[in-house]
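Engineer: Model the full assembly from the supplied sequences, consistent with the hints where possible.
Number of protein chains: 2
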Amino acid sequence: MSAAPTFADVLQARDTIAPYLRPTALYPYGGLSAAVGGEVWIKHENHQPTGAFKVRGGINFMAHLPEEERRRGVLTASTGNHGLSVAFAAQRFGVRALVVMPNGANPVKVEAIRELGAEVRFVGRDFDDCRAYVEAAGSDGMYYLSSGDEPLLIAGVATHTLEIVEALPEVEVILVPVGGGSGAAGACLAAKSIKPRIQVIGVQAEAAPAAYQSWKQGRRVEAPMETFAEGLATRAPFELPQAILRRELDDFVLVSDAEIRGAMRLLLEKTRNLVEAAGAATLAAAIRIRDRLQGKRLALIVSGGNLTVAGLQELLNGTRQ
Amino acid sequence: MSAAPTFADVLQARDTIAPYLRPTALYPYGGLSAAVGGEVWIKHENHQPTGAFKVRGGINFMAHLPEEERRRGVLTASTGNHGLSVAFAAQRFGVRALVVMPNGANPVKVEAIRELGAEVRFVGRDFDDCRAYVEAAGSDGMYYLSSGDEPLLIAGVATHTLEIVEALPEVEVILVPVGGGSGAAGACLAAKSIKPRIQVIGVQAEAAPAAYQSWKQGRRVEAPMETFAEGLATRAPFELPQAILRRELDDFVLVSDAEIRGAMRLLLEKTRNLVEAAGAATLAAAIRIRDRLQGKRLALIVSGGNLTVAGLQELLNGTRQ
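Those protein sequence lines, which keep their order, are chains E and Z.
Following our numbering, the numbering of the first sequence begins with 5 at its first residue and continues without gaps.
Following our numbering, the numbering of the second sequence begins with 5 at its first residue and continues without gaps.
No lab work stands behind these hints, which were simulated from the structure alone.
No false leads were slipped in.
Facing chain Z, according to a computed beta carbon distance under 8 angstroms, are these residues of chain E, among others:
id : residue
1  : Arg26
2  : Ala29
3  : Tyr31
4  : His51
5  : Pro53
6  : Val112
7  : Glu119
8  : Glu273
9  : Arg276
10 : Asn277
11 : Leu278
12 : Asn310
13 : Leu311
14 : Val313
15 : Leu316
This structure is a prediction, so every number in the text was calculated from the model and none was measured.
Quick reminder that beta carbons are idealized off the backbone N, C-alpha and C, glycines included.
Structural biologist: The following block contains the structure:
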């Protein structure tokens, strides 16, 4: 396993990404505060140029990649937002990128990755199939980038929480979605280093609880993956973020796909932002555990907004997505 | 008529609003560039805390309002986004605000204005009814703020274009929606002062062409107002922005409500941003005049995103809004 990133790495990541990415907005919303009973602030990672937080990590990784590795190109597996991050960073740094995605991947993400000049290859039915494929098949001489176990990715995405704590020092609870776990690990790393009293709560889908169960049991557990929220959809946890979460995460909440859909609708209505399922999971969790959030100052990380028009239509018409 | 604002006022406005508002994103989108045939950059005013560009003006105005006027409170007429701007600024500066809105105003905007602590009063059927009401009825001792003829509002909103030209100095054409005309006047003021060769093109709805006709004829013309795009819906132009537009605006394009709806759908699909009708008008115009935009570098000001869920549903289901 790679060495865990430190808070110094997060501070360095902020400087590294600054020429490429502007800090995202953190706004309070009265309509959401009323729904939760605490003071709700939304961290708008959906405003990133790729529509998702992962790009912070992609830039931080690519900026540190030695020239020799850059010439080999970068290979990775992704359901979409990590791939978009890699494609965006690869374009900026003039690196070839190949993203292995599951068949049936979110077409908005596939199209955006291709528009950024990266190559897409479809393998298997979910993220873990893609991960197994790239890890087994080797990388055709390309550099293999793990979406979970790379410290530069964790330090990069941690800058979202650094921005939250700097903009809102009196924040008491931060909710963060967990897919592979790098975002949540980064949130812990940044928040706990600045102010250990800030509670960091991870959120995963009931229908894809691998990271949750691994965290609960203190060991690597695989679990079924049946959520529609592709950003939360992993069957197996990653070692490096799990190690950080085990040490630092205060709590872990599961939410149903129906609760996520309700939160997506509420975000549309109260913030006029298109939010994808993983991005709405934190609001779904805040509503589920509202009894213990009363009167508290909360930051919810809305991790991304890459929803398809078809998905939006199904959401609004109340049919299953 | 108030004195026209100068470029120095725009630079000062940027400093004035900086503690309250962060510069908004300006992103290129391959999917939109393909649709237009030029290089399309979107200025994301929908990312503002009020979901619309007007807040730049509201903050700039309120920051300069003398203490005595602040104590009287501020009265204004608005279809929504200007009212939201005033409510946001009034809350920040501890000023009472009363916003007169037409019956049937966009409920998302009404709710957001009230959440910011401002009072709402419904009058008549459209913006001009509200404007006539506040101008005739007097202001109950409150300070009356015109949404169009106030130089501090124009200098404030002009900062969107200052940000565009600074971030993308090689921009060739800027498209800006015209309702009352303050945003377009501000765009001219900022762009032409920095680089007179930048073309600034205003966009209005065919179904509400008062500002267009006034600009064409060089005199104040009223026109019917039947567009669904409330941000473009004025029956009579304002003097101060018209004077600037007459002098500075390069061209003025009208678009149909159907074209606006098509552009809203395209923005959803290609940028994953919820954009209200007025905000999508610039993309509709760019598509309409695409023949003369081939190969050019364009910035489209997406002025706001305050669309209701019902409006979104109708948009996606293809029924009229």
